[in-house]
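Chemist: Using the supplied hints, reconstruct the complex from the two chains, each of which is provided in its own coordinate frame.
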Amino acid sequence: MIQAERRELQPGVFLTALRTRKFKTGCLSLHFIAPLDPATASIHALLPQVLHRGTEACPGMEQLSALLDSYYGAYMEPSVRKVGDCQCLGFVGSFVDDAYLPDKPRLLEKMADLLGDLLLHPATRNGRFYSEWLEGERDNLLDRILAQRNDKMTYAPLRLIRLMCQDEVYGVSNLGTEETAKAVRMPQLFHTYQELREHAPIEIFYCGSAAADRVEEALRHSLRELPARRRDPWPETAVLRHAPEGAPREFTERMDVLQGKLGMGFRTGITVQDEEFPALILFNAVYGGTASSKLFMNVRERLSLCYYASSGLHRHKGIMTVQSGVEFSNFQRARDEIMAQLEACRQGDFDEAELHAARRAMVNALRGATDSQLQMEDYYLGQTLAGLDYGPGEMALLLEDVTREQVIEAARRVELDSVYYLTGMEDGHEGT
Amino acid sequence: MRERNYTRLGEIVWTEKLANGLQIFVVTKPEFAKTYAFFAVKYGGMDMRFEEDGQWRDTPAGVAHFLEHKMFDTEDGNALQVLAANGAQPNAFTGSDMTAYYFDSTENFEENLRTLLSFVSVPWFTRESVDKEQGIIGQEIRMGEDDPSLRCYYDMLEALYDHLPVRTSVAGTVESIADITADTLYACHRTFYQPANMCLCVVGDVDPNLVRRAAEEILPRQSGRADIPRDYGEPEEPRAVTPRRERRMEVSMPLFMVGWKCDAPLEGPESLRQELIHDLAYELLMGESSPLYTRLYEQGLVNKNFGGGWDRVHGGACFYAGGESRDPDAVRDAIAEEAQRIGREGLDEAFFQRTQRALYGSRLRRLNSFDSVCIELATAYFYGSDYYTFAECYDAITKEDAEQCIRTCFTPERTALAVVLPLEDSDSGEE
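Protein chains in written order, with the working numbering: chain A, 1 to 432; chain B, 1001 to 1431.
By construction, these hints were calculated from the structure, which means they are not laboratory data. Just so you know, even glycine gets a beta-carbon here, dropped at the ideal spot from N, CA and C. Be a bit skeptical, because a hint or two may be false.
Across the chosen pairs, the derived CB separations fall in these ranges [to be verified]:
1. B:Glu1075 <-> A:Asp349: 23 to 31 Å
2. A:Arg224 <-> B:Pro1238: 54 to 62 Å
3. B:Glu1267 <-> A:His121: 50 to 58 Å
4. B:Asn1005 <-> A:His356: 35 to 43 Å
5. A:Gln332 <-> B:Lys1132: 20 to 28 Å
6. A:Leu303 <-> B:Glu1267: 43 to 51 Å
7. A:Asp113 <-> B:Thr1173: 53 to 61 Å
8. B:Met1001 <-> A:His199: 40 to 48 Å
9. A:Glu253 <-> B:Arg1248: 15 to 23 Å
10. B:Arg1366 <-> A:Pro235: 53 to 61 Å
11. B:Met1001 <-> A:Pro59: 51 to 59 Å
So that you can see chain B by itself, here it is in the shape it has in the complex (with noise of 0.2 Å):
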């Protein structure tokens, strides 16, 4: 395998690509007891239509979501059970487009890196297994409908975009996933789950040639391919569809998210200065410790819990921020003054340079944390670029880049507000 030391981060990461497309990504991490493997595909919850052998295939909303959860199952029982049981934490998420199965473990790394590769490698599904799953996802998908902040997180992508499949659920509905059968999970899988489409990422005091053996060892030898297509639609126009939503639900004030829809992101080299400038402009408009957030919070118009950043996937992006208020439409209003405020007379020099250095600071935290560090591995890996040069990516980033970033994005017409309100007759005393 291939040594990079990063020694600004003092980081060492090995890395590989197999001759099955699988790349490898091994950070070894001295001292740590724990060791950390992330193995991730280029798949989610938006990814409902695709080629399969020349033809356009359409799957339910929630698919993903769904096969992620009957991966664990294997012809001897449940991986779940099998990694527990030799002392490792298991678990694993569905996102727009990514789908992760990720454990640590303290001691039987190797065995239970080897039962990570196994038993997403093979699918194992019967009727019986997937009627099951319905009930327990069922539950899931009526928890997240009871969830304030997913509903409006929900409502405001909707609300932002016309056909991008980012706004359809991840988990579906108990009405989509009632049509996946056992046949679509395999077709899924055989389309997804390919080397050339996936990434391992392990963390930890480790042996890298350990895990390059077996992910040799285990995974199929042919490659697929790297470049499944999949139908996104059109690409979406810059104008939100709807300004404004509004919901009531059992909440104790309004809720709020604001989106600003921006272009597709880029994908290779370039993505990763993007997603940085993105950032950057987000904190420097709105972030802790922005002249704006200060003055929403004297206001009381936000709390500690406002927060955002910057989201993308395939296709698509947006600048989203949040939380609660008893005026969420005076939050907008007064972040879209601040931007058109920034966009005339631009940034301070001295705080941008200060919001630059706090961020590099979060970024060289997050390193401490093993699932933080494999994600924006793999993330960047999808994307094309290497996540371990963002110390010198932010070296060339400058003050005009996230003025004309704001000055961009964030318009009236690519502005979506989602308000979750309280019931009009909820009785708001907690005892």
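Only chain A is shown next, with the shape it has when bound in the complex (with noise of 0.2 Å):
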């Protein structure tokens, strides 16, 4: 297994480095960690697009184009996600190892400065950014938050949590609201930039072939302007172990739809840095989680309720929703169904082969993810919010030692707070 280093180049900034040769590219990215809230997640949304731009160097994104594509057709992506309670908002970079490049460049210093070139030096005006370039990307964040309403499959699950967290931290979108968007101005906008730059928590990540001290070198020399900062901790994200009073609370929405989309959110009450989580893990992958499970067995395959339905969890959030796409007429059968399953899991009513593929499952697809350069930035991230060193290939290994009464509990753990429907116009569906 490859084993990650973590280094801490100055108070508050850390680099996360694992070395393999495996891959033809190098991964690098930085994010800054902030409170996920409501009166900045658009801003937060906003500023690495704003940022990707230009800097003074390459003033302008044809110029950044430019300069990418001479570096063989690297990138270096504007990113920005909820972990939990916090917004991580940066840049993911990849480009080709300079082991199949024939002038050997020596692209990762040439990347860690533009990633530094990016944060630090960005084209400003009158000691602000260009305020068309804020125009512009206010615009396609606009755009981004309503276009979440085109694919009903992805559309359904942000709806389901954000209406189910209505009053927690959680249920803040990534991208803010249509409101919060609108009303982003240059000042807010420029004073979170300083804020960030000089205060907040920053990590980065590296996977590639380079050594750990050739990262950090690279890295020491592009952040040399960086402000000193303090090292101060990320907000702990609040976690309710329980549903709330008066659940399930049912929320019914109409679009002009031909398929209907019914989400369910459960409380689990225990978190990626629970013990019992490797068992939550299991739990998921037999009742909802693999093609295998309980929900694609029956509500699929032998009732031929719907044509997906299948169960996920929110790890820092001790939350796992149940998704799927259901002719409106099947919307109650299915629900009691999606239910009837989950009972049958409480139950310890399912055999060591069902245990069996849903450990193979998971342990193959946490493996898997070592594979990947992207979804091991994605996973080292959270790991370490949630103050863990380790990768998928160590949650693999736990994985092999959870029983089934382990299982079993973690079932029995599931609440159920929320139901989503998303409907036709006139579907005869009885909305609440």
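Modeler: Structure (structure tokens):
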């Protein structure tokens, strides 16, 4: 297994480096870690996009693209993601390993420099970002928020979390809302930029053929003008261990669609930080996480109630959701069957073969993640924010020791919190 | 098996054509946890009319995709479950001219490979199981009908092509799949699922001989024919059938897809070079680093979702580009104008060099991804070329090749625009 090496480059600035020669590319990312907050979510989502429009040295998209093209199609893309109650914003880059290039251009150093330029030397006019870049990116952000409605398969899960966690930080959208996006102005954006640059914790990730020393040296050089900061902690994710009084809450939305979506949100009482977490992973896999799971085999295959039915975990927040595409007339039957299958798991009504299949599938997926630089980048950032230092390969090992009783125990802790229906304009479904 | 070392790419590929006509590729990748197997058939949604025992046979739209779903059924149960229980992540897809079954696993690879080879080569259909699948696929088709991007894509193909069956949805319609019976499925399997019409690609830290042995032991000995006659109708005219199509759906802003009809693609060793040139032409004209893209982006006419490329099927090809825009017609016109300018003035040499270098780097990066390696290998094989020669192929492409391509393909009469507009009375609020 590849060992991750963690180094503190300066207080509050950490590098996680994984050395391997198996990829054709190197991967380099940097994120500021900020609290997720409705007041700043849109600003944080916007900032990397505006920074990505140009640097002092490359003051425009065309110049920046030309530079990256000359680095053999390297990219350094804006990134914003929600990890528990934190919002991580920055850049994720990828570039071909020197081993495969005739002129050995030392792309790691060049990309580290570019990263430093994007963060510390943005193109400015009168001490501010170009206003037309803010305006353009604000429109794009607005479009992205509105476009979330277009693909119902991804929209329904977003809405479920939004509604289920409407009184919690976690309910805040990673992009903010239409209103907060529209309201972003230069003074706040620039102020937020300065705050982050001066104070926010920074997490850097590298995976590729270079030794950690070389990566550290490249970053020390490219970030030499980064202001010194304190080592501040980031916010802990607030976890509701039980469904609230009056659960399940029900939400119905209508759109002009031919097929309905049914989403169900559960509180599991277990997060990635808990020792029961490997058991929760296996329970989720037995229940709805794989193509041999109970939901797939029963709701889809045996009863043909839907085209898809699967469950997934929000590992930092202790939430499990079930997502399903259902004919309007089958909403109730699908919901009943989804609950019946949960009850079966709680009763231990799954055989050794089901548990075995679930374990092998999850072990395979976690080990497989070590074959993808981007999956490792995402996994390690999530682990770091939860205060954990191990990767997907180590998590796979933990799954091997989970017992059947522990899986049943995890299933018994799950409580239904919210049910979300996305239905047609006139379908006969009685909304509440 | 024959070993070939592609030193520029740092890749080793083992190949062999078995006596029954099956082509095998094994790309050995030390240190990777996963091994990936990909079993592909040169048969897809557009192969609806074909020759069987000297007679033309017509099959309903959606049959290749239906067959893909039903192949997982075995006499003893379901191969999907067998593979999943053994730690593999199996799946399959059906395109217009290819169907593929694949899995990755980090353990029990040989056993999983044998399962894959066996369920794809041994059909098992019953009336009950076919009837039941009609419900499941019906749902999938409906889901596709709710998908504005997919609708837009097919609208574009229908506007470009008069009869080439690539314009027919791969999944078919609820009505067309109602005509599918177990007999139809057996006939299609018998005709197309023959070793000589298939290829097997494996990528990972694996012994190539293990792959060959498994294929030799499990697959049929007789080869069948490699060149199964299929009828796609008369060659298409270069002209697009309709310049513009429009529909309304539940979307927040207009979606669009522009297509430019190209001549039927080459088959043979030159097909890879043709693909690379078209790829390059797309990037030079409207890729993310192009002056045109920057202009459109800065004018707010396109956003980061804008994208496209060059797509081909046997018998037809097109450039396409699409995304979200408040004014899709303006985007189409701007592309047309830029293509004309390039046709007149030619391309900047430095820009050409840079773009070529960038595309080479992107293809190198894609070698990290096992599924993309397999799709590229199988596609190139079915078109008659060797994918791993792309490095040398790039060396031989000139600026003039790309200019010529842009000049030929991006003309007004070859263009068709499909647009999906928001519903007229749609309330656009999120809450």
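Chemist: Which numbered hints does this structure break?
Modeler: 8 and 10
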